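J.: Each chain is listed here by its residues.
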Amino acid sequence: MDPLDNIIKGCLKGDRKSQEQLYRIFSKRMFGLCLQYANNYDDASDILQDGFIKVFRKMEQYSGKGSFEGWVRRIMINTALERYRSQFHLYPITENTLAGEDMVHEEVFEKLSAKDLMKLVQTLPPRYRMVFNMYAIEGYPHKEIADMLGITIGTSKSNLSRAREILQRKVKEYYHSNENIS
Amino acid sequence: MGGKKNITDRVFRDSLGNYQESPPESVWAGIEGTLANDRRKSRMAWIGRIAAAAVILIAAGTIWILFQRTPETGVVSTGPLTEPAQQESAQQESAQPEPADEAANTESPAPSVPGPGDAASGDSPGVTDQEPGQIASQETDPSAGSGAQTLAMHTLEPAAEPGVLTPDAQPPGAEKPEGIIVTGQPGQDLQQIPGGLYTIPVSSPEPGLIIADRSAGEDPEATELTETGEGIDVFEEFGEGSEDYNRWAVGGQMAPLYSYRNISSSQGNALYTAQRQSSQSYNDIENGIVSYSGGVNLNYSPVKRLSLQSGLYYSRLGMTVQNTWIAASGGQYERVNFPSLEVAMSNSSGDIQAGGEKSNTVLANAWSTNEILSDASGAVAGDATTETKKGDLLQHFDYIEVPMILRYKVVDRRLGFNLLGGISTNFLVGSNVYFEENGDKELIGSTSDLKQVNYSSVLGMGLQYSISRRLNLMMEPVFRYYLNSINEGSIIDSHPYSLGFFTGISYSF
Numbered sequence: 179m180d181p182l183d184n185i186i187k188g189c190l191k192g193d194r195k196s197q198e199q200l201y202r203i204f205s206k207r208m209f210g211l212c213l214q215y216a217n218n219y220d221d222a223s224d225i226l227q228d229g230f231i232k233v234f235r236k237m238e239q240y241s242g243k244g245s246f247e248g249w250v251r252r253i254m255i256n257t258a259l260e261r262y263r264s265q266f267h268l269y270p271i272t273e274n275t276l277a278g279e280d281m282v283h284e285e286v287f288e289k290l291s292a293k294d295l296m297k298l299v300q301t302l303p304p305r306y307r308m309v310f311n312m313y314a315i316e317g318y319p320h321k322e323i324a325d326m327l328g329i330t331i332g333t334s335k336s337n338l339s340r341a342r343e344i345l346q347r348k349v350k351e352y353y354h355s356n357e358n359i360s
Numbered sequence: 004m005g006g007k008k009n010i011t012d013r014v015f016r017d018s019l020g021n022y023q024e025s026p027p028e029s030v031w032a033g034i035e036g037t038l039a040n041d042r043r044k045s046r047m048a049w050i051g052r053i054a055a056a057a058v059i060l061i062a063a064g065t066i067w068i069l070f071q072r073t074p075e076t077g078v079v080s081t082g083p084l085t086e087p088a089q090q091e092s093a094q095q096e097s098a099q100p101e102p103a104d105e106a107a108n109t110e111s112p113a114p115s116v117p118g119p120g121d122a123a124s125g126d127s128p129g130v131t132d133q134e135p136g137q138i139a140s141q142e143t144d145p146s147a148g149s150g151a152q153t154l155a156m157h158t159l160e161p162a163a164e165p166g167v168l169t170p171d172a173q174p175p176g177a178e179k180p181e182g183i184i185v186t187g188q189p190g191q192d193l194q195q196i197p198g199g200l201y202t203i204p205v206s207s208p209e210p211g212l213i214i215a216d217r218s219a220g221e222d223p224e225a226t227e228l229t230e231t232g233e234g235i236d237v238f239e240e241f242g243e244g245s246e247d248y249n250r251w252a253v254g255g256q257m258a259p260l261y262s263y264r265n266i267s268s269s270q271g272n273a274l275y276t277a278q279r280q281s282s283q284s285y286n287d288i289e290n291g292i293v294s295y296s297g298g299v300n301l302n303y304s305p306v307k308r309l310s311l312q313s314g315l316y317y318s319r320l321g322m323t324v325q326n327t328w329i330a331a332s333g334g335q336y337e338r339v340n341f342p343s344l345e346v347a348m349s350n351s352s353g354d355i356q357a358g359g360e361k362s363n364t365v366l367a368n369a370w371s372t373n374e375i376l377s378d379a380s381g382a383v384a385g386d387a388t389t390e391t392k393k394g395d396l397l398q399h400f401d402y403i404e405v406p407m408i409l410r411y412k413v414v415d416r417r418l419g420f421n422l423l424g425g426i427s428t429n430f431l432v433g434s435n436v437y438f439e440e441n442g443d444k445e446l447i448g449s450t451s452d453l454k455q456v457n458y459s460s461v462l463g464m465g466l467q468y469s470i471s472r473r474l475n476l477m478m479e480p481v482f483r484y485y486l487n488s489i490n491e492g493s494i495i496d497s498h499p500y501s502l503g504f505f506t507g508i509s510y511s512f
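Going line by line, the protein sequences match chains V and U. With my numbering applied, the first sequence corresponds to residues 179 to 360, in that order. With my numbering applied, the second sequence corresponds to residues 4 to 512, in that order.
It is worth saying that the hints were derived from the structure and are not from the lab. Being a predicted model, the structure only gives us computed values, none of them experimental. Heads up, the beta-carbon is just placed ideally off N, CA and C, and yes, glycines get one too. It cannot be assumed that every hint is accurate.
What the hints assert, rightly or not - 30 Å max Cα-Cα, derived BS3-like pairs, lysine-lysine:
1. U:Lys444 / V:Lys195
2. V:Lys289 / V:Lys321
3. U:Lys412 / V:Lys191
Unchecked claim - Computed footprint of chain U on chain V, listed as stretches where at least three residues anywhere in the stretch have a Cβ under 8 Å from a Cβ of chain U:
4. 180–192
5. 227–235
6. 238–251
7. 318–328
What the hints assert, rightly or not - Cβ-to-Cβ under 8 Å is the rule here; a few derived chain V residues that face chain U:
8. Arg207
9. Ser223
10. Ile315
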């Protein structure tokens with residue numbers, strides 16, 4: 179039997195050791211996921227904690243269909259979205275849009291580390307960040323994003339477009355335009 | 004453009020799709036603590052369910068036993084009698100009250116009834132001269148031979164007190180009749196007839212006992228006795244002197260109550276709020292609340308005036324904390340830049356912690372409003388996704404209580420007066436905190452560092468009105484004071500108390 183199955187069985191029985199083992203296996207990947215959705219490190223820690231508590235409380239709902247990691251990932255994303263929905267939001271007043279000729283070259287992105295890219299994602303306003311993460315990184319379609327966030331498909335597409343523009347602008351500001359590359 | 008957009012998605016997906024980072028150890032500690040709490044709550048819930056099931060089973064079982072019991076009836080000790088077939092006349096209904104409870108009566112000419120000695124002779128005129136308001140008693144007639152019995156008629160007078168029969172009005176010199184025979188139809192419910200008499204249910208105490216059907220104008224016939232439903236015994240008493248009473252009772256109560264707390268500390272300055280002006284006491288910013296309590300109880304009376312009560316009650320206690328600011332951290336600001344804003348706020352009862360969906364919410368006490376406004380403005384300027392609000396915090400402490408209360412009937416009448424006192428074990432089942440602003444209430448977290456089990460003293464008094472022999476209404480103001488502090492590890496001792504006006508109903512058996 180797959181060792182993970184044994185651990186899951188132990189968790190279903192409420193065995194503390196099995197629960198800790200499960201946490202150790204998935205915590206790094208899930209924390210990486212939480213950092214994408216959170217505003218900062220502390221926020222991500224809270225989302226990770228709340229998410230794993232839900233995983234252990236709802237373990238019997240895992241039907242065995244699909245990967246367990248995918249199921250845990252989905253719970254983490256939902257936890258992050260709940261947190262986002264509960265926040266008081268005041269929307270930014272101005273948003274500058276990049277003109278087409280100012281788009282960042284791919285080589286610029288390649289100079290950035292994963293940690294740098296993570297920090298850029300965290301600078302996005304929450305509603306853009308959610309849509310960008312779910313579409314670009316998780317691969318959710320706009321219809322599902324709209325259902326989960328309670329927005330229209332058009333708003334989801336619009337938010338995605340804005341998120342990309344903001345990320346490109348921030349990369350450009352961070353690494354001084356494509357003139358240094360060419 | 005589309006290709007360049009896809010480049011953005013692809014770059015971030017490739018870099019962040021499998022991004023991993025070690026979380027802080029405090030995360031697992033928090034998860035472990037919450038799961039341990041879940042296990043504890045689950046155990047407490049099972050204890051509560053088992054206790055409630057036990058109370059319901061005891062009540063149901065007792066009620067079932069009650070309906071299986073035969074009605075109590077008296078037995079007339081009439082001596083040996085002939086079989087019903089041999090007695091063609093003079094048959095009477097009989098019932099036996101306590102000898103001490105006999106009514107006042109006067110002698111009047113008594114027709115004779117055939118006793119065992121007369122049965123064979125056949126000359127049994129029967130009892131035909133009884134009038135309503137009279138009772139007949141079988142008495143030994145020495146002149147009629149050994150074992151012969153005659154029927155003596157007595158006129159009953161209404162008792163001085165309803166339901167109380169005065170034995171004192173017997174004619175001087177008259178011997179107490181050995182039995183009291185009451186006219187009426189067997190099997191009838193309680194009916195009042197002239198003279199203050201009541202018919203009582205009839206049962207056959209002994210084989211061969213002759214029961215007379217005393218319908219007017221009809222010859223009495225022996226009838227099989229049947230058990231009837233219980234009615235109110237003619238010697239029913241609500242007042243003093245009654246030897247009969249119902250030992251068990253089940254009931255329910257509910258009450259609005261006022262709840263607050265008493266605080267003390269060995270360190271006097273601890274009674275003032277932390278971080279702020281030292282002259283500001285917790286008592287200045289905290290207030291009591293009006294909430295509620297209710298539950299079911301089971302009572303047992305080992306003696307008539309004393310009863311022991313237990314049961315299961317739910318009580319909500321709490322208080323408000325005025326002038327509180329909350330701000331949602333939705334942006335990039337570092338909490339260290341806004342020292343007056345805290346994730347957890349201490350008050351006299353414990354740490355109020357924003358949690359769950361509001362775990363990014365920070366709290367502050369804002370009697371130093373200039374400072375808070377400045378920090379809040381800074382938070383807003385730093386990030387467009389932060390908003391602050393001002394209002395009050397509402398703390399709830401929800402308890403499941405298991406009381407052990409002694410109740411003493413100072414006045415034992417239909418309208419009685421009770422004194423009660425005891426102790427209650429209280430299990431904490433909720434500690435939510437709400438933010439109230441302009442009448443709107445929003446859950447923002449809970450109070451931490453509270454003890455799970457507390458003990459409280461219970462004192463009260465009240466009125467009890469008996470609607471019937473078994474059904475009682477109660478109205479009781481009750482004061483509860485928590486004997487131990489509800490918070491853990493704090494230098495402030497906080498003892499909640501409540502004053503509630505309980506109304507309820509109970510059924511005794």
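J.: With a cut-off of 8 Å on the beta carbons, see whether Ser223 (chain V) makes it to chain U.
T.: 5 Å, holds
J.: Are there three or more residues in the stretch 227–235 of chain V whose C-beta lies within less than 8 Å of some C-beta in chain U?
T.: holds (count 6)
J.: Let me know if the C-beta of Arg207 (chain V) comes in closer than 8 Å to any C-beta of chain U, holds or violated.
T.: Holds - the Cβ of Arg207 (chain V) comes within 8 Å of chain U, reaching about 5 Å at its closest.
J.: Can the restraint linking Lys444 (chain U) and Lys195 (chain V) be considered satisfied, given a maximum Cα separation of 30 Å?
T.: 40 Å, violated
J.: Tell me if Ile315 (chain V) is really an interface residue toward chain U, meaning its C-beta lies closer than 8 Å to one of theirs.
T.: Hint on Ile315 (chain V): holds, closest Cβ of chain U at ~5 Å, below 8 Å.
J.: Taking a Cβ-Cβ distance under 8 Å as contact, does the stretch 238–251 of chain V have three or more residues in contact with chain U?
T.: violated (count 0)
J.: Test coverage of the stretch 180–192 of chain V by chain U using CB-CB distances below 8 Å; three residues minimum.
T.: violated (count 1)
J.: Would the hint linking Lys412 (chain U) and Lys191 (chain V) be met if the CA-CA limit is 30 Å?
T.: Violated - the C-alpha atoms of Lys191 (chain V) and Lys412 (chain U) are around 52 Å apart, more than 30 Å.
J.: Please work out if Lys289 (chain V) and Lys321 (chain V) have their alpha carbons no farther apart than 30 Å.
T.: 33 Å, violated
J.: When I compare C-beta atoms, does the stretch 318–328 of chain V have three or more residues closer than 8 Å to chain U?
T.: violated (count 0)
Hint compliance for this structure: hints 1, 2, 3, 4, 6 and 7 are not met, and every other hint is.
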